[in-house]
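Novice: Protein chains in written order, with the numbering used here: chain A, 1 to 255; chain B, 256 to 967.
None of these hints come from the bench; they were simulated from the model. As the structure is a prediction and not an experimental result, all values here were calculated from the model. A few of these clues could be false.
Computed list of lysine to aspartate or glutamate pairs in EDC-like fashion (alpha-carbon distance at most 20 Å, straight line) [stated by the list, open to error]:
1. 140/A - 347/B
2. 357/B - 74/A
3. 437/B - 77/A
4. 433/B - 139/A
5. 358/B - 86/A
6. 270/B - 99/A
7. 437/B - 78/A
8. 259/B - 105/A
9. 259/B - 99/A
10. 274/B - 99/A
11. 435/B - 78/A
12. 262/B - 139/A
13. 435/B - 58/A
14. 358/B - 3/A
15. 358/B - 78/A
16. 437/B - 3/A
17. 118/A - 258/B
18. 357/B - 3/A
19. 357/B - 82/A
20. 309/B - 778/B
21. 263/B - 99/A
22. 309/B - 649/B
23. 33/A - 3/A
24. 435/B - 77/A
25. 433/B - 77/A
26. 437/B - 82/A
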Amino acid sequence: MSDYIRICEVEKYYGSASNVTRAVDRVSFQVDKGEFVGVMGPSGSGKTTLLNMLATIDRVTAGHIYYESTDITELSEDALSDFRRDNLGFVFQEYNLLDTLTIEENIVLALTLQEKPKQEIVAASGQILKLLQIEDIRDKFPYQVSGGQKQRCACARAMVNRPRLLLADEPTGALDSRSAQILLETFTDLNRRMEATILMVTHDAFSASYCSRILFLQDGKIFHELVRGEKSRRVFLQEILDVLSLTGGVLSDDR
Amino acid sequence: MTDKIMKKLSFRNMKRSTKDYLVYMLTMTLVVALLYAFGSLIFRNGLEQYFSMKLQGLMGVMIGLATFFIMLIVSWLINYMVKFMLERRSAEFGIYLLLGMKKRTIAGLYIRENFLLGGVSFLIGTAAGILLQQVLMAVMFSMVQMEYRLSIAPDGRTMLMAAVCFGGCYLLALFRCKRKFKRMNIQALMNAKRRNEEIREKYEYGKQFLFPLSVFFIFLFWKMFGRLSSTQQVMYFLIGLVVTIYLFYLGLSAFIICYVRKGGAAVYKGQNLFLLRQFASKMRTMQFTMGTLTSLFTLALLGASFALMFSDYENSVLDGKFPFDVQIYSKNTDDDFAEEKRVIEENAAVSSFYSYHIYTDEENTVNTWMLTHLQAWGAMFRNGDGTPDEAAIERVLRDESGDGTYYTYDTYMGLTDYNHLRELLGYEKVGLGRSQYLMQIKPRLEREVRKIGEELRIKDASGRGFLSCAGILAEPFSQDGHNGADYVVVVPDEVLGRMRPYYAELVADLDGQAPFGLQEKLEALLPAGESEEALYAEGHVAGDICCGSDTIINVVELNLVRDNQLPEVKYMLATMIIPLFYIGLVFVCVAVTVLAVQQVSDAAKYQYRYEVLSRLGLSRAAMERLIFKQLAAWYLCPALLAVVISGRMILFASDRFIMMTGVPTSVGGFFGKSVALFLGIYLVYFVVTYVEFRRNAFVTAQTGSLHLLQRP
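Extracted from the complex, chain A is given alone in its bound form:
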């Protein structure tokens, strides 16, 4: 059993004593180094809550989350800030770029927070800009580029630190199909070439078919798991669709 990332009996309840909603109900799983894991499920199944807890944005009600030997559920607020900075990368549906900074500066900002030397920052940002093919727009402001380019910039910012885990919440949600495909190929590329470990929440079967393993969540519990193995993406996509048809399909994402 790998101990790269372990989620142990994690629970998250909302509401008061008389009216409790179990958003996540005793969920346990592991993520291996270099895995590309997808989390799918209908609205209100607890996908985003689970991701937020892994992302240290939300606290668990019970259970533990270990990144190797570190239990993030025990960390103080300041320690969590440092942990996020050094170990996690985020890609959200809304890009979350700072619109007063250029594309390149958005990426550089993440590195400067780690107080790395200038040469290293310049080299790392140059490399990731090239890898994600956004070199030619490096000096543009977010409002001057397309949604797909913005999302690749967000990806670059998330990956430039070489985080232990890249968390993506509906990253293709606001993109057209071509941009979505490019982004997913970028994820696959990052996963293969940089050995990035990725956890992606999505309700879109096509996006999910790029993952190596998929966890299906319903009512806060994992009810199914699919592993791609050596299967082609097309076959894997069909398997996903089959699982979804069992649960009545997934309509829209929950927030």
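Given the coordinates of chain A, work out where chain B should sit on it, guided by the hints.
Specialist: Frame of chain A; chain B shown alone:
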């Protein structure tokens, strides 16, 4: 590197804030400029040296007081804006937290940005303030009819005061927002922009009655305000008014919501549904702020109107108050004024002296008529049936209260003296028959005493017959105690035979201007117990001299040197006028800024709504009209309420002011002028908001809607 990019980040953020909150920046700059310009009057008041001891520091105290109230409101504005910008940028702060920035660092970044913003306002504002201060000094010097030479130089103490006041407000606001940062939570921040505006609608049916109720209270206020007779009643009414101002908006928004729900006819016309809903929801979220803005507008209108009243007095009445170059009173009827004449001659070129007596017959027929007929006294000296209240009249004439309104006995002047004085003033001489008398009265009272001739019975020289009234003259004649109080009865010289001299007067006609300080030198001649300061200390405002029915502004001096006295009174009035304008100006600007910023920064939210409307087929022109209507309603609402409320108080006060001081303005004049002044400032802000809002709302067409959703 970290530091460099953080600096870049805060600088760019500040630049963006400047663009988004242009109106706020402009107001802050203006406030600093005003703070500097008016504040300089505390430390570097070039005028003060010319005036007597009792005026020293007066301007400083008044400006200091005004500054205190202004700083209260400005610190409210800064606090409001710092909080407001913080909320607008929650998603951005969420990203910082996600990237692993610590809360301290983010708070530091935000504080740095705000200090940059404040710093820029401060620098530009101070520069503008130095210029404005020169304008202000020039205005003040011209107010007191002196020449001012420009001297543009920054004053260290003023700058320090402006910095301490302004910086203090910022520090307070930022200290409070630091606590807010501590309580922040990433998830709430990240989700903030995704949430729809929360529209809480509860108990609307009940709340809507607050609207007619507050309208009724305001109606009652209009009806009753002039009739309130005790301080207690006024207090109750004012408390009621403040409550009404705050509840009005709650009621109005509920009223509109209920109207829309009921499906009233107007809902189905044009874009009314959109407008009404938009207006009601904005009113609901802003109700408390709207109440505060209405109060600020009301205070600003009141301040401006009072300033206009005093300034009108200064321009139209005051000059007539001192017609003679020098005039001296002496209660000693044998006084030959030798000492005074010597001092005047030593200090100025005298063209002529003239000394004379005011006489009395030791009766008070005229005084009684005045006390029972003039508006200023109302029913104070009348019994219920309209007959004179002898006891009250006796009390006031015996001067037991020490307020020196009228002399104990009626005042008379001989025709020869009268004509001599008229000649000195350049008036035409008058003639009188043996059995006639003339009434010389203050210009203000001319209309009120028309019937005095028919009702007064003044005995002739023999004491058996009566004189008839040959007319009433109302040119300025120094009647604040010198040539009688309010009036002097002019009789043929032989009638004086049955009277006794009451007090002595000396007038001097000078060649050219009187030198500074002449009045003080004359005052120094008074015996120790009769000096002005001694009389003030005893609680006798006027001592032996009586000033008549003037209230509000009284100038009572035993020794009057016009060229000394006039600038001094004008300066004293300026110490009222300037702070009142200062307060009014800042209050209006602060209030309009909040209105403007609320709308402009909401434009991003409206972009989405307008885009939806556009997709539904609304033309660009129709949308522009819609924006205009929306902004106009938003701007007009608090202004109208303030105009209605302050209107009653201002009209009442103007009526009294005109009656008591005799300024020649119509009752609505001051109110009209201050509303016009106020609308001028309002219009500037409205245009800026409209232009900004349109620009923001239609940006969609160029950049696409995704950009809108992405902006934090």
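Novice: Which hints from the list above does the structure break, by number from lowest to highest?
Specialist: 4, 14, 16, 18, 22
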